[in-house]
Structure formats: C-alpha cells, structure tokens
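Put chain B on the given structure of chain A with help from the hints.
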Amino acid sequence: MPDAAGFEGFYRENLARIARACILVTLDRQLAEDVAAEAFARLWSRWSQIHGDDHAGGYVFKTAMRLCAREVSRRRRRPPAQIERPADEVDAAITRSDVAAALGALPLRQRQAVVLRDWAGFETAEVARMLGTRASTVRVHLARGRESLRQALSVEERNR
Amino acid sequence: MNLDTRDEALAGVLDEAVRHVDPAPDRLPEVRRRGVRRRLAALAAALAVVTLFVSAVIGAALLIRDDRVDAPTPAGSGPDLTRQPEEWTEAQDPRGWTIGVPPSWLANRQEHQCRVTEQGIVVANVPLAGLSPPATGSNDCPSPFALSALPTDAVVVEVEHSIGGSSMSPVPPGEETPFPLSLEDFGSEAATVPFNPLVLEVVVDDGWRHTVRVYLGLEVTDDDRRIAEEVVASIRPFGSGPAEDVTAGLLTYRDEVNGFTVTYPESWLRAEENLMPNLSDPHQILALATYPMRVGGDSCAHVPVNALVDLGPTDALIDLEEEEGRVLDSIPVRPQHFGPDLGGPSEAIDCVESQGGSADFEEQWFYFQDQGRMFYVRVAFGEQVSPETRQQAYDILDSLVFDPAE
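Those protein sequences? They're chains A and B, same order as listed.
So that you can map any letter, position 71 of the first sequence is 71 in our numbering, and since no number is skipped, the others follow by simple counting.
With the second sequence counted from 1, adding 160 to any position gets you our numbering.
What the hints contain is simulated information worked out from the structure, not anything from laboratory work.
Small disclaimer: the values here were computed from a predicted structure and weren't measured.
For every residue, glycine included, the Cβ atom is placed at its ideal position computed from N, Cα and C.
There could be a bad hint or two in this list.
Unchecked claim - Per the computed footprint, the stretches of chain B lying under chain A, defined by three or more beta-carbons under 8 Å from a beta-carbon of chain A, are:
#, region
1, 175-187
2, 499-512
Stated by the list, open to error - Computed Cβ-Cβ distance ranges for the label pairs, DEER-style:
#, chain 1, residue 1, chain 2, residue 2, range
3, A, A143, B, A184, 57 to 63 Å
4, B, P185, A, A152, 29 to 35 Å
5, B, G499, A, A143, 32 to 38 Å
6, A, A152, B, R454, 28 to 34 Å
7, A, Q49, B, Y413, 44 to 50 Å
8, A, E156, B, D441, 31 to 37 Å
9, A, R12, B, T211, 36 to 42 Å
10, B, P425, A, A5, 41 to 47 Å
11, A, S97, B, D313, 27 to 33 Å
12, B, S427, A, Q49, 45 to 51 Å
13, A, A101, B, P263, 21 to 27 Å
What the hints assert, rightly or not - The following residues of chain A were derived to be distant from chain B, with all beta-carbon distances above 12 Å:
#, residue
14, G52
15, D54
16, G57
Just chain A, with the same shape it has in the complex (with noise of 0.2 Å):
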C-alpha cells in the first residue's frame, strides 16, 4: 500500500515549485497547474517504487517537463483560433511581462533548459537526463537561451 501521508507532504512541498517551472515554460498559468497536477497523478501511480524525495523530484520534474512540451507542441499545432488565451490572462502568470515576452521569445529547448539549470538549480547531466538529450545540447541550449534573455532583460551574468 503506498504511503499517502508521505506522498501527500512531497505533494504540498513541491507543488508550487512545479506548478511555477511549468509556468515559466508554458506561459500559461492554468495549463502550468494542469500539467502539475498530471505530473503528481503520475507520481503518484509509482509512488511505492519511488524512494526519497530527490528521486521523487526528480521524477515529477522529469515528467512536468515533457508534458509541458507535448502541451506546447500541440498548442503551437492548433490554428489560432483554438488557443488565444486573453493577453492579460497569459501576463497574470509572471508578474514582468518583458520576462514574459523574453521566455515566450526563446525557443522550447533553450526555455526548459534555462528553467531546470538556471531557476531550479539542477546540474546539467540531470537536465540532460530530464530532456532527453545530451549534456553537450543541453549546454549550447543554455547558452543561447540565457543570451536571448539578458539581452531582453538586460541582466548581467552572475554565476556560481
């Protein structure tokens, strides 16, 4: 029998933090917390084979990754018509909408990888592993998505 009171506290936890990546990547509030919710129903129908909290995170990113992709893919198939969302609407998700405009203006890769590396401080052999791709990639992704945004944003680098 799994233990829900423990997925229920991982689930109170990370439950933002999930639901404000898939915003960053969306750009869409109400589709991020769909996909978060699906992301931890997910989670949940494993959760007796999944031990600790960073591989459950791991997992739940993992997973909220590529549903906000497939969702993104399939948005950016749809006409028009289908998926224009009131601006304000899609603005009410992060606060600054030149971060808005910037995020929206880079392409889906150099977005995710952004997200994972730079806001969610994951290394880059686990976004790698989260994308589904090389570390190589995940680095050309990562340095022209954060050029197209401090360019946009006007920020100057600042690593550790």
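Showing chain B alone in chain A's frame:
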C-alpha cells in the same frame, strides 16, 4: 563563461516573476484518483501483455507442431508448398502468371479439372496445406483452403484462372486490366465471415476468366496488410515478360569509411555530404530523404536545419549519427524493429523555427547501441506523409547493418 555554472542573476529574475504563484493543494484528491486510475491501467496493460505472451507461446507451439506434420495435400493441388525464409522470390502458376512471395510466406500452385478447369496459385502467410479437412468449393470443385480453418491473422492472396463449364458466365468484356494491380481497385465479395475477400476480375484477352482474391483476417497485422498489397502489385500475367523483381527499386549502399550498409528505395536520395559539417561528435554518417537535402543551417549546428526547412508535407528524412567512444551501459540496444514509438521530438523544430522555417512536421529522435557502437537517429515526416513513405523510413533503418566496433 562557464556553461556548467548556474546564472544566479537570471535565476533571480525568473524567480521574482513567478514567486507569487502558489496554487492551493486542493487538487490532491483529484491527483490521487488519477494516479490510481493510471496504476490500474498499468496493471491491466501488464496483465494483457502477459496474456498475449502466453497466447503467443501457445500459438507458436501449435504452429511448430503443424509444421512438423506431413500435411495432406488437398485433392488436385500441386504439392508445391515451399518455405521462403530469406527474401522475396517469384513463383509461377500453371498459366504462366507470376507472383512475388514474401519471406516466410508460402506459395501453393493450384490445378483442378472439375466442371470447369481451374488453375492458379495461392500465396499466404500461413501454411494452407495443413488446414484440414480439405474444403469443397461452391461449384463442387476442391477449394485450395478452408476459410473456417484459417487463423484470424491470416492473409491469403489467390490468383485463379478458369475456363469451360456450362455454368461459367462469359468473360466480362472491357479493356484489359493495367498492371501492376492495386488493392484499391478491388471490390468486396459476398461476406464469408471472418474472411470477406477483396476481389478483382482481371481482364486479359486470352479467353480465360482471371480472378484475384485477397483474404484479410480480422486480426491481420499492419505489416502483413502492407505486404499483401505488395504481393498484389507483384502479380504479372503470362506473356508480359519476366516479372519485375519485387526487390528491384532498392539500392544498397556500403559505406566503408563508417562501416555500415543500408538499403533504401530508389526514390529516396542519399546526401553526398555531411548535412551538419560543424558537428564533430556525434557526427553524421548517413542522411536519406525523399527530396534533395541542403547542407548546414544557421540556427543549430547539431540539427540538419536547411534540410528540415525544405522538408515538404509528404516528405521524409532520416539522419543517422554516430558518437565515438565508449558505449554506455545505459544506452538501449538496437530494437528488433524501428518504429514510431521510439524516442520523441528533439529540439529540431525549435531550430527550424529559429531559422524562419515552418514547424509543420513531426520528428522523433532516439539513440541505440549496436555492434559496440553508439548511434543517434532523427526521423522527420511532413504532416501529410503517406503510410508507405513512413514505413519505408523504418524499413530503411531496419536494413542498417553495422560493422563491429574496432
């Protein structure tokens, strides 16, 4: 600039932008319900797989047993039952018509003298001679096989020539039927559940009635259905010269430098140059497409961007790359067959869009190891690609033979 370090300034900006988002955890019951449903679905799927596996084992055992039986030959049938295990071959019927026989399918010549004279040939993916008791045709002549005894995944292509007999209606007038035949031109015959044959009366000016029937079982696989279409297309009448080799139209390319061999349809083009000259590891060793490919691209060195920009709605492209060095244990071994379920989309669409191209294509990217070597594959299809072209792409990948790692 060290790419492996985290950019805290960007992290701060992004964090500030979404810090206010704090969804209430009130969807927890829904999350749990959906999770339970997924778990039950996975369990059901696992049970189905086990059931299928057990059924397959039992089925295989029965087939093996059938094969070992000296099957009685139906009355009047020529004992021409032969296995064709390696490649397509050509069989000829008593009237001189020829037909392609796919690997592991069976050809059985037919010759009866009854109220009418019937000759022909049957090509099937199951052994017909072992299906007993021998059936009786509607006109009291022996039938080459009993429909009721055929397994539901059987495919049978029957070419029948008949002449004579008072009950036989005259040969239908009309223009001679053009070859190759296509299943699209076939019509349905009276229902014979579960084998409702598709039928085509073939008009050849020789006084005989020629009928081609295709029996497709209810559970026939897509592969076998496709092969049936190819078998039909391979049928040639007597006097039309040597039948076209059904394997013709394929080119085999041997790359000594990169150590592999590939076979692909003549209608596909092989890139003479590396489409990604700025990508060194992995590096492209093969690119094939249904259209001419341009080298390079401005947006991504690791994607054949120019070639993908040119990909049309009915086009397909294959990009094969090899990575040097030690093969990691985590790299999956080469699948038995390549197909649409492998891998997923890469960043190629982003790269094409970055260069102003259209993202109206689908793409899958996956990797595997074979012969101690590590490969990456990108397959891209236009949105209106035909099932045939799509299958050709996977057949090309299946045809790859790699030399062992040095």
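Hint-by-hint comparison with the structure:
Against chain A, the region 175-187 of chain B contributes 11 residues with a C-beta closer than 8 Å to a partner C-beta. That satisfies the three-residue criterion, and the hint holds. Note: the region 499-512 of chain B has 8 residues with beta-carbon separation from chain A under 8 Å; the three-residue rule is met and the coverage holds. Against the hinted window of 57 to 63 Å, the Cβ-Cβ separation of A:A143 and B:A184 comes to about 38 Å, which falls outside the hint. Distance hint for B:P185 and A:A152: a CB-CB separation of about 34 Å, consistent with the stated range 29 to 35 Å.
At about 34 Å, the CB distance of B:G499 to A:A143 agrees with the hint of 32 to 38 Å. Against the hinted window of 28 to 34 Å, the Cβ-Cβ separation of A:A152 and B:R454 comes to about 31 Å, which satisfies the hint. Against the hinted window of 44 to 50 Å, the Cβ-Cβ separation of A:Q49 and B:Y413 comes to about 45 Å, which satisfies the hint. Checked against the hint of 31 to 37 Å, the C-beta distance between A:E156 and B:D441 comes to roughly 33 Å, which is consistent with it.
At about 40 Å, the beta-carbon gap between A:R12 and B:T211 stays in the expected band of 36 to 42 Å. A hinted range of 41 to 47 Å for the beta carbons of B:P425 and A:A5 is inconsistent with their spacing of about 59 Å. Against the hinted window of 27 to 33 Å, the Cβ-Cβ separation of A:S97 and B:D313 comes to about 59 Å, which falls outside the hint. For the hinted restraint 45 to 51 Å between B:S427 and A:Q49, the CB-CB distance of approximately 47 Å keeps it satisfied.
Here the CB-CB span from A:A101 to B:P263 is close to 57 Å, at odds with the stated 21 to 27 Å. No beta-carbon of chain B is positioned within 12 Å of the beta-carbon of A:G52; the least distance is around 18 Å. The claim that A:D54 is not at the interface with chain B holds, since no C-beta of that chain comes within 12 Å of its own (minimum 18 Å). Every beta carbon of chain B lies more than 12 Å from that of A:G57, the smallest distance being close to 16 Å; the non-interface claim holds.
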